Amino acid sequence: MSYRKINIWNALDWWTVALYLILVIAGWLSIYASTYDYDQTSMVDLSGRSGMQMIWIITSLVLGFVLLMIDSEWYEIFAFWIYFLIIAVLILTVIVAPDIKGSRSWLVIGPIRIQPAEFAKFATALAVAKVMSVYRFELLNLSNFIKILGLVFLPALLILCQKETGSALVFLAFFLMLYREGMPGFILFLGFCAVLFFVLSIRLSDVFWGQTEMSQFVVLLIIMIILLCLLYNYKKGRHHLKFLAPASAGVTALAAVLSIYLPGGLNLSWVVLGIIGSLSVYFLFLFIKYRAFHYLLIILFAVGSVGFLYSVDYVFDHILEPHHQIRIQVTLGVVDDPSGAGYNVNQSKIAIGSGGVLGKGYLNGTQTKLKYVPEQDTDFIFCTVGEEKGFVGASVILLLFLVLIVRLVYLSERQKTTFSRIYGYCVTAIVFFHVAVNVGMVIGITPVIGIPLPFFSYGGSSLWAFTILLFIFLRLDASRNARL
Amino acid sequence: MKNRDLNMEKRKRYIISFVAVVILIYIAQLFNLQVLNNDYKEWADSNAFLKKILYPSRGILSDRNGKLLVYNQSAYDVMVVMRETSQFDTLSFCKAVDISLADFRRYLADVKNKNKNPGYSSYTPQLFISKLQNKEYGILQESIYKFPGFYIQNRTVRQYDYPNAAHILGYIAEADKQDIADDNYYIRGDYIGKTGIEKSYENQLRGEKGVEILLRDVHGRIKGKYEDGQYDKDPVSGKDLTLAIDIDLQAYGEELMQNKLGSIIVLQPKTGEILCMISSPTYDPSLLIGRQFGANFAELVKNPYTPLINRALNGTYPPGSTFKPAQALAFLQENIITPNTAYSCHGGFPIGGRPKCHGHGSPLPLIPALGTSCNAYFCWGLKAMLENRKYGSRDAAIDKWRDLMVMQGFGYRLGVDLPGEKRGLIPNSQYYNRAYSDKNGKSWWGPITIISIAIGQGEIQLSPIQIGNLAATIANRGYFYPPHVVKEIKDTPLDSIYTHPRYTGIAREHYESVVSGMRLAVTGGTCYGANISDIEVCGKTGTAQNSGKDHSIFMAFAPKDDPEVAVVVIVENGGFGATYAVPTGRLMIQKALKGEVPESDKWIEQNIKNTTILRSVLPKN
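If you're matching them up, the sequences are chains R and W in order. At position 258 of the first sequence (counting the first as 1) the number is 258 in the working numbering, and the numbers step up by one without a gap. At position 241 of the second sequence (counting the first as 1) the number is 241 in the working numbering, and the numbers step up by one without a gap.
Since the hints were made in silico from the structure, they are not lab data. No experiment lies behind these values; they were computed from the predicted model shown. Errors might be hidden in some of the hints.
[Stated by the list, open to error] Cβ-to-Cβ under 7 Å is the rule here; a few derived chain W residues that face chain R:
| hint | residue |
| --- | --- |
| 1 | Leu30 |
| 2 | Tyr71 |
| 3 | Phe93 |
[Unchecked claim] Below, computed lysine to aspartate or glutamate pairings styled on EDC-like, alpha-carbon distance capped at 20 Å:
| hint | chain 1 | residue 1 | chain 2 | residue 2 |
| --- | --- | --- | --- | --- |
| 4 | R | Lys416 | W | Glu9 |
| 5 | W | Lys270 | W | Glu488 |
| 6 | W | Lys10 | R | Glu413 |
| 7 | W | Lys12 | R | Glu413 |
| 8 | W | Lys609 | W | Glu255 |
We put the beta carbon where it would ideally sit given N, CA and C, even for glycine.
My request is simple: use the sequences and hints to build the entire structure.
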């Protein structure tokens, strides 16, 4: 192979760097705001959180610079070395880490505390990219697929051992990359459905609308809509939608209205279940008519989903011990636990909700300032933005993340090597997973899973890890044209 | 490259769409939380702000001579913010405030009961125990940190230096559900005037609550004042009142009325100020403060002689002969009679064999008729008026008569600055047409039918204050200031109705005739018992028939030519006016004008004080 000498400063994607810098600075200001107190310290006072974050930012910039200077080849060459080094550190952490607030994920070396779990993400991304970029690598080959799963789940498992469930779950993000690389979409889809149905059915259990238990009704309704969407996907049955979709919607709406006026009430779940049954019968008819196998798969999905829903209900209500139930419910924010997860989300929603359209103004947030929101400079940092900058500010931050993620997709797609593209998608997926789960948790949509908001949350390990993750990709991208 | 097929290109778009949809859902949720939903803002405020109410001190009441009647003393309420409570040693709490565990549970349930406590919110301080004793306060104050969510609120209770004038002063009590619903100034645990001056001058007395907005962190720790106290408000103290009441005179009157039912009012005709207003039986106002309030109040409610009722304003009586001067004035003003008009009386008004009269000469002109309280004279007068053709009809005549009565302050509330005043009854033509009509709706009443109103019987009902006001009007020769108990409100002018005279429209010379008649009644007529050597008293007795023994009534003013006081005395079931009401009036006039009762009258004083006139009543259950 031969190389063309490139000028890194010309080839660097400055858009991404700019977004990175904006988010990091915004994060820093938010950390100052959320730790700002009446006995205030200066923004750069090293005894305060914002002062420390400033150190992390400066060192991150140095780190980013160093990473850009390293030749892109080295990342590919040392991918496995880095991976195994991190695995070793993770194992070491499991063994020696002290218990800090229930977590055993911190490695303490003198005054320095680092969280190896944060660094496992980029290492795994490098290793997976390396394995998958091997010539003639076929993902759909079972042994290859298992190999990849092994690479991803090994660090996840070790992190789980450190009682960092959130950080372990982040490794699910790799499936988004695998999807891009050819993993059948239905795996992602089924996985997504399973998580969605599980969370919904537990979160909405005990919510009743008349006779209807909302958990079942909502999930069944989603299944019904998915079935109709699937029908649209196949050309042959598409024209049937013209009457199937309005009919299904009409029956459901009619039943909903009836249930209000009917003296005995009406369990809407049964109505929707009936519609799903009818649709399945109809699909069976289409299968026989067109001899198209995928209609049978749709029926399978319908039956499987309904079965899954009722078994979740059954397992949850009858097999799990009460304290397990409560634990899951609290994690999902169902049970109002004043001192636990439910409280956090509630306070966080209050803080954000009180911000209004334009917010209370920088440093004027009462909820965050008075420490109503827990973990407000780490996992719940988005609250500060919501309270002080309002709907406008919070939306701008979310849109910045959207632009960053779309930019990362674009960059990944323009890579000329499989290694760079796969690594790029890993970065995209990890950043997206963090943003989606973290912000979703803060605004009360997703369950409470404690993972930081990329570039924003306080913490050296987190900021360093995201900087490394991003800047390795920026270096790879800068040298995409170097290889001839 | 193998993977870069069309299918994979499509997946890139799916991924971007998925990310975009998630972000849009999040922005929608932000819109919901921050723009659509207002609850969160309120929650945030109650989260972070502790609005501490600063109670103003209630206005102080003193009597016309500057004697302190009602003032304030510190008391302590235990407040609770339910959201801030957490597990604590309930038993040691109960011990500190000296309540039982069952009480504790009940109080807690009461706080949360929306029926009993409509303003309940788990974010704001709620009244838990009111009016702690000093000792309990001391114990609790030391250990309050152990009971998260509980606070001690400092406020004041009323304190009384005299056991008198309960009806005038009234009492304050915790604002009830209705009070809170009527005026959102009040929250549960606030005090509000329930009767007397405390009620009628509530807005002046209560002052204005202040508020201190403190920032509080998640552990309930106070982090300082919000915006350096920019939004805080200092409480404004209630206004102090100086009463027209002379507390010594009041106490003396109450002493005279002990063991009797009825009332005494002494007015200053020149100003309408009420110097004393006794309603008997009465009670010690300090019974209705502090934690004994409930028990004592129940006891007073149960008392069959209704000590909580202010008879001077809320009781109405047939005025009997005290009504006759008002008749004389009406007849004179309408030229029905002149002072020289004489009517014969031979033991009563002859027609229908009704109102009887006592032995006196006949015929009599007006002045001796007033002096001897001749029933027939006023019956003839009323008959003459009702039959007078100048009115055109019987109805017009009675309505004219009624107007003249109303002008003298009867039939409507006088506007006394105390709650619950009764308007009494002066009938008009409509009233009689309804009362005396046959099946066809045609009324059949005539002057003879209603003749007893001429002597203050029949349908006539007056409250003691209206009778007293009649005496004041005659003393003033034709005008009165509406009677009032508050002389001065600090820094605020008195309501203008108390500073502008109301004229009766009856000529002064007619009043002079009536004054002469009333003077004659004292010097040589029915109220001879009120004849005081050095004070020219003018008076009129009354004997009000009712279902029980007659009420004894006396109204008077003195001195005749420069009246300082107008007096009314009603002793329920006291018999003839002269028996009890006149001597009581005699004593009151002397006490009011001289400050004391001369030695020579002490035997009367003793006699009155020692008299018990209590009709037997069924005890209330």
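Checklist entry - Among all the numbered hints in the text so far, which are the ones the structure does not match? => result Violated hints: 2 and 3; rest satisfied.
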